[in-house]
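Trainee: Residue numbers (our numbering), protein chains in the order written: chain A, 1 to 331; chain B, 1 to 331.
Quick caveat, the hints were computed from the structure, so don't treat them as lab data. Think of the CB as a built atom: it goes at the ideal place given N, C-alpha and C, for glycine as much as any other residue. Any given hint could be a false lead.
[Said to hold, decoys possible] Pair by pair, the computed Cβ-Cβ distance ranges are:
id: 1; chain 1: B; residue 1: 245; chain 2: A; residue 2: 205; range: 35 to 41 Å
id: 2; chain 1: A; residue 1: 56; chain 2: B; residue 2: 263; range: 51 to 57 Å
id: 3; chain 1: A; residue 1: 73; chain 2: B; residue 2: 328; range: 37 to 43 Å
id: 4; chain 1: A; residue 1: 199; chain 2: B; residue 2: 328; range: 36 to 42 Å
id: 5; chain 1: B; residue 1: 245; chain 2: A; residue 2: 325; range: 34 to 40 Å
id: 6; chain 1: B; residue 1: 73; chain 2: A; residue 2: 260; range: 17 to 23 Å
id: 7; chain 1: B; residue 1: 205; chain 2: A; residue 2: 205; range: 49 to 55 Å
id: 8; chain 1: B; residue 1: 205; chain 2: A; residue 2: 314; range: 54 to 60 Å
id: 9; chain 1: A; residue 1: 65; chain 2: B; residue 2: 196; range: 38 to 44 Å
id: 10; chain 1: B; residue 1: 263; chain 2: A; residue 2: 325; range: 52 to 58 Å
id: 11; chain 1: B; residue 1: 188; chain 2: A; residue 2: 328; range: 35 to 41 Å
id: 12; chain 1: A; residue 1: 325; chain 2: B; residue 2: 42; range: 53 to 59 Å
id: 13; chain 1: B; residue 1: 71; chain 2: A; residue 2: 328; range: 37 to 43 Å
There are 2 protein chains.
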Amino acid sequence: MRIALDALGTDEAPLPEIEGALLALATEGEELTVVLVGDRPRLEEELERRGESVPRGRIEIVHAPDRILPGESPASAVRRRPDSSIVTGVRLHRDREVDAFVSAGSTGAMMAASLIFLRPLPGVDRPAIGTLLPTSIGATLMLDGGANVDCKPRHLQQFARLGHIYAQDLMGIERPRIGLLNIGEEPEKGNELSVETHALLSRAAGLHFIGNVEGREIIRGGCDVLVCDGFVGNVLLKFYESVAEFIIELLRKEMDRTGTRFDVKGAFRVLDYAEYGGAPLLGVNGLSVICHGASPPKAIGNAIGVAARAIRSKMVQHIARELARDLPAEA
Amino acid sequence: MRIALDALGTDEAPLPEIEGALLALATEGEELTVVLVGDRPRLEEELERRGESVPRGRIEIVHAPDRILPGESPASAVRRRPDSSIVTGVRLHRDREVDAFVSAGSTGAMMAASLIFLRPLPGVDRPAIGTLLPTSIGATLMLDGGANVDCKPRHLQQFARLGHIYAQDLMGIERPRIGLLNIGEEPEKGNELSVETHALLSRAAGLHFIGNVEGREIIRGGCDVLVCDGFVGNVLLKFYESVAEFIIELLRKEMDRTGTRFDVKGAFRVLDYAEYGGAPLLGVNGLSVICHGASPPKAIGNAIGVAARAIRSKMVQHIARELARDLPAEA
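Just chain A, same shape as in the assembly:
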């Protein structure tokens, strides 16, 4: 199994990437090879410095010195920068030289490159970012996490199918409970998009649709897969991170004030996104895994782990089969 990793992705690249790759190589077993995509001389130097601790037979380097920056327009950056680490990594995957590509670089560029080079699977209009939210049941998959800001009901139905397979293959849930994010429980509640999507999902074959899920039910584990458009999903995701930070800050202040000692990190480990690794772009013909730009080594290592599990479980093939359900039968 060969997984390519963007070595020009994080804000601190390539150090978290190298450490993350070493973590994954130590965890995932002998079959894994990591292909670092980035600045070869720098990478050689860093690997050299680490000496014996590096399993050199299982790390390769592909030279791609150019970096797409977060501010750039994704589509034009992908066209204008063929030697960028993102374009190089996605093309390696398209040419099946690697089985997946992981990057903590520009999310927009990862999406654009994946759409252009890997292409959406038949039956998928809009690939979606599948993000895990820490909840009282462990984690809930939310999609779309930000790839598609204006959605139609059929897009949300496709997200439900994508999430259904992710939950089966990567979360080990046989019959995932699919919920539609909404502002009330009743089918007639919500905006036009959610009312129409509720109707579509209610009659979608093969999905265990449990109905609307309100904002307050997400954290309580009201469903395994939460379907929403990418605007709401992205707002929620960023809001969640910052609320957790805010509350922990309040706690630290009170600890300072009262002189209490407390293992804050331990208590809130479940909220640490680094535990969850990356978010795959679901619905393309391949495995593009997107990481947070500030990912520490653990997050990178876990993202490679997500990619490895997706490869082993044949998630992409399962998604292709699932989405074919809604395609018109061939004549």
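Starting from the known structure of chain A, arrange chain B on it as the hints suggest.
Mentor: Coordinates of chain B only, in the frame set by chain A:
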């Protein structure tokens, strides 16, 4: 100053209402009279029982024995139940027998009754619920909190004007920073609604529009007034409450495990919605203040306080003047 209070609003009515009214009467000074709207015999009995602690000269009762239940269709309930506490309270206000009406009953019925009997102000297509979110700057006003799930750019511009006046009159901010909830900072980011609204707000006279505010900037106090549609707003609001509960639960577990003692309530007082009182329906010709259905006495008391401050500052008149800015000039 006379403020009517729905005494059939909370889940535990009328007890939190009576206690809340007494709190407000003690805090707000002699000019306040509270008019309890509910079941007269029950209310008389409860007031009697409290004896001397009740300033009977400043509490009145209006008999309205009927209660609109949360599950009922708001519009038809308002038509079919003229003797309900909500319809009676809003009509008392329409007839100017009271200066405001506060209720912890059905939000939908409060909105429907307010729209029917008080009417929107000229220039307001859709009144909005103005909700305070606890943030690192104290509180941020978010609107719409759930009254309008499908919005057009001009509705969001009206929300900005409503929020501008609320922040001036009730939060004491001379030049409130108006932010548009979005998934990126750049003007071209977001869905169709947010891109068009950004353009509208950028040229709206008299508003201090600071641009897009991402999910993660809300809690960090990125703006004083956060404008969004009622679908996203309602999801965020409910999500926030439950995230805070979840994190505090994690904390309690860790405390139990380690035997640490800690004043959780004290540390997180800022997150307690009861501190913030009710949310006024902004943009109607009057003051309808909506409270959480599980409001404790403190929340009811603070909601009466919000109504009192709005009356004193002449918020409704100021809103009427502000919204007139966008009306076509008379010929």
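Trainee: If a hint holds in the structure, say so; if it does not, say that too.
Mentor: Each hint, compared with the structure:
Judged by the Cβ atoms, the range 35 to 41 Å given for residue 245 of chain B and residue 205 of chain A holds: they are separated by roughly 36 Å. For residue 56 of chain A paired with residue 263 of chain B, a C-beta distance near 54 Å keeps the hint of 51 to 57 Å intact. A hinted range of 37 to 43 Å for the beta carbons of residue 73 of chain A and residue 328 of chain B is consistent with their spacing of about 39 Å. Look at residue 199 of chain A against residue 328 of chain B: about 40 Å separates their beta carbons, and that is inside 36 to 42 Å.
The hinted range of 34 to 40 Å is satisfied by residue 245 of chain B and residue 325 of chain A, whose Cβ atoms lie roughly 38 Å apart. Between residue 73 of chain B and residue 260 of chain A the beta carbons are some 50 Å apart, a value that contradicts the proposed interval 17 to 23 Å. In this structure, residue 205 of chain B and residue 205 of chain A meet the distance hint of 49 to 55 Å, their C-beta atoms being roughly 54 Å apart. Checked against the hint of 54 to 60 Å, the C-beta distance between residue 205 of chain B and residue 314 of chain A comes to roughly 59 Å, which is consistent with it.
Hint check: residue 65 of chain A to residue 196 of chain B, Cβ distance near 40 Å, so the stated range 38 to 44 Å holds. Residue 263 of chain B and residue 325 of chain A have their C-beta atoms about 54 Å apart, which keeps the hinted 52 to 58 Å range intact. In this structure, residue 188 of chain B and residue 328 of chain A meet the distance hint of 35 to 41 Å, their C-beta atoms being roughly 36 Å apart. In this structure the hint that residue 325 of chain A and residue 42 of chain B lie 53 to 59 Å apart at CB holds, the actual value being about 58 Å.
Checked against the hint of 37 to 43 Å, the C-beta distance between residue 71 of chain B and residue 328 of chain A comes to roughly 41 Å, which is consistent with it.
Violated hint: 6 only; the structure is consistent with all others.
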